[in-house]
Structure formats: C-alpha cells, structure tokens
Amino acid sequence: MRIGLTYDLRSEYLAEGFSEEQTAEFDREETVTAIEEAIRANGHEVDRIGRITSLVRRLASGDRWDLVFNIAEGLYGLAREAQVPALLEAYQIPYTFADPRALIISLDKSLAKTLIREAGLPTPTFAVIRSSADLSRVELPFPLFAKPLAEGTGKGISESSLILDGGQLNSVCHQLLNQFRQPVLVERYLPGREFTVGLLGTGDYARVLGTLEVILKPQAEAHAYSYVNKERCEELVEYRFVSGKDDPQVVEAEQIALEAWRVLDGRDAGRVDLRCDEEGRPQFLEINPLAGLHPTHSDLPMIATAAGMSYHDLIGAIIESALQRVGRDHAPVHAIC
Numbered sequence: 373m374r375i376g377l378t379y380d381l382r383s384e385y386l387a388e389g390f391s392e393e394q395t396a397e398f399d400r401e402e403t404v405t406a407i408e409e410a411i412r413a414n415g416h417e418v419d420r421i422g423r424i425t426s427l428v429r430r431l432a433s434g435d436r437w438d439l440v441f442n443i444a445e446g447l448y449g450l451a452r453e454a455q456v457p458a459l460l461e462a463y464q465i466p467y468t469f470a471d472p473r474a475l476i477i478s479l480d481k482s483l484a485k486t487l488i489r490e491a492g493l494p495t496p497t498f499a500v501i502r503s504s505a506d507l508s509r510v511e512l513p514f515p516l517f518a519k520p521l522a523e524g525t526g527k528g529i530s531e532s533s534l535i536l537d538g539g540q541l542n543s544v545c546h547q548l549l550n551q552f553r554q555p556v557l558v559e560r561y562l563p564g565r566e567f568t569v570g571l572l573g574t575g576d577y578a579r580v581l582g583t584l585e586v587i588l589k590p591q592a593e594a595h596a597y598s599y600v601n602k603e604r605c606e607e608l609v610e611y612r613f614v615s616g617k618d619d620p621q622v623v624e625a626e627q628i629a630l631e632a633w634r635v636l637d638g639r640d641a642g643r644v645d646l647r648c649d650e651e652g653r654p655q656f657l658e659i660n661p662l663a664g665l666h667p668t669h670s671d672l673p674m675i676a677t678a679a680g681m682s683y684h685d686l687i688g689a690i691i692e693s694a695l696q697r698v699g700r701d702h703a704p705v706h707a708i709c
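So the sequence shown is numbered by our numbering: it starts at 373 and just counts up by one.
No lab work stands behind these hints, which were simulated from the structure alone. Think of the CB as a built atom: it goes at the ideal place given N, C-alpha and C, for glycine as much as any other residue. Hints are supplied without guarantee of correctness; some may be wrong.
[Said to hold, decoys possible] So the derived label-pair ranges between C-beta atoms look like this: (1) H669 to S532: 34 to 42 Å; (2) R420 to S391: 38 to 46 Å; (3) T486 to A458: 21 to 29 Å; (4) T405 to V698: 23 to 31 Å.
[Said to hold, decoys possible] Derived EDC-like pairs (lysine to aspartate or glutamate); straight-line CA-CA distance at most 20 Å: (5) K527 to E593; (6) K527 to E606; (7) K617 to E593; (8) K527 to E409; (9) K589 to E531; (10) K589 to D576; (11) K617 to E566; (12) K589 to E610; (13) K527 to E603.
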C-alpha cells in the first residue's frame, strides 16, 4: 500500500525565521524518519509529502495515496490542525487520526471541556478571557490556572500560570493575550497527581494502551507540565508507568479518558491528560488527538514502550486502526425490513 506522510518539519520553519516556541509542536527530522521506517517495516511504501503547501502542489499535480499518515499540526489559526485533514477529505483520500471537526473542538480547550462537562465527565470549572473586559467577570475561587486556549506542547504554561489573586490574574492574562493573540483559558487549579492516558482505536473499538504519571523533579518548573518541563523532560520530569491493578485513581483516570476519547471522537491513537483534585478525584484537562510520535521523547510512544509495544508495532496499530475504520465507514448499508 502507498502511504503518504504529511508533517511540519521544525527545522524548515526555524530556517524561515520562526522561533523555537513557535515551532514547538512541529516534528524533528528524527521523528519523520522513525515514522517512515516504521511504515516500511509494516510492509508499506512511503511517500514523504511534508507540509500543507507541499500537499496542495502534489494534489494539484495529480498525486494520490491509498492512505495518508498525517502528523501535520499547521501554523496559523485556531483550526490549523484541521487544515490537512479537510483538504484530504475534499479529495476523498483516507488519513490517520481525527477528522477536522474533532481537531477543531479538541484544540479549543473550552469547547472540549464544555462537551466533556455536558457528557457528565469531571473537568475543572473554567472561564474564557477574550479581552481585558472579561477579567472583571471571573467568579472562580483561587487558586486558578491560566493558559492559552488553543496551544499544545505546554506553550504559554510556566510557573506563573498558577494564579493566587486578582492582581496576578490580570497581569498573567494580559501577557498571554498579547503574546499568543488568542483567548486565555482560566480554570480551577487541581493540586493532585497528573496522568496522561494513551489510547488506541476508535469509538467502540478504542482501548486504553497505558498510563504515565507525570512527576516533576525538584529542579523542574513547579505546579505544571510546562513548556520548559516538556522541552527538557529527560532531566526535569519522571514518567512513571502506573497500573490500575492496585491504584484506584489510575482506574478512574483511565475510565474517564476512554469515555472522553469517545465523546470527542478521537481516532486511531492519542492521549488524554488528567489531574486529580484536592480529594484525589481525576478530572479531564485536555485531549491530544494528534499526539507527538518521537520514539523516545513523546508521551504516546513512551506509554507504548512501557506497555510492551514496540514503536514499529505502535505505528502499525495506528495504520491498521485507520484502515479498519475506513472500511467500516464505507461498508454497504443494508435496508431494514
């Protein structure tokens, strides 16, 4: 099978003058190479496509693929992760991971949390700050936590994200509004354990792959899985593979994660992040339906490795999930008599 590979290569954007933080969600050459090798190891032909502008040129010239393995994050706009999938759908080319609708909802943390709350799953109470005028209407109890509405890889999160009073709320939100040019999500701070749950599959076929507890080391930025902590995770973070066999908090976190994955229409593979409140109850923070796939630096492959699944098998499972999903979506519909 001929599989195209769409991605945003970090080095290309850095060479064009974008900053390290602006390109934090993009992939390094070693990630693209690892995925390419894993696809070939699973018996398929690989065609590197690259970013969306390259995809546009290739489509216009008549190129087509049996499947596209998509890890392109996009650069501009709150719907940036949906751009490549939407273009592929216009050409009726199947691809891995979530569809445009799910990607838009998941990237907008307030939309995702609203749907999670409506589904009866626990998530911290929150407010969205779109301008300075919204700050006077925040009625949430301190401490709070502030972060950009639609960023990943911990962008915009630091030690100052923990908000203890109104003055700090004003200053941090103003800084984030100016820096990221998008709304700020302010939610109740959860002081307990933090988990990231890996998932494989789609809908009723989805299952929990495993769970890592994210434990910050003494030298790490406090209070959060921040941008700095993620970028320097090898020295600042301990990832502990935890099991629900003897840990009820893990059992509950995995149940919430799996339900959230289904509510938000995650597909093929991804992650759900959770944190525990003062009473030890896990609550949904956010979903990553387009999770990083660096073999040793990204959370999902680390979960797979800890669960006994090789990187090649993880990529193979993602492809197989996508193919099965596409087959189910195009299965003939029989009339009901």
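Verification of the supplied hints:
no. : hint                     : verdict
1   : H669 to S532: 34 to 42 Å : violated (25 Å)
2   : R420 to S391: 38 to 46 Å : violated (25 Å)
3   : T486 to A458: 21 to 29 Å : holds (22 Å)
4   : T405 to V698: 23 to 31 Å : holds (26 Å)
5   : K527 to E593             : holds (13 Å)
6   : K527 to E606             : holds (18 Å)
7   : K617 to E593             : violated (31 Å)
8   : K527 to E409             : violated (29 Å)
9   : K589 to E531             : holds (14 Å)
10  : K589 to D576             : violated (37 Å)
11  : K617 to E566             : holds (18 Å)
12  : K589 to E610             : holds (7 Å)
13  : K527 to E603             : holds (10 Å)
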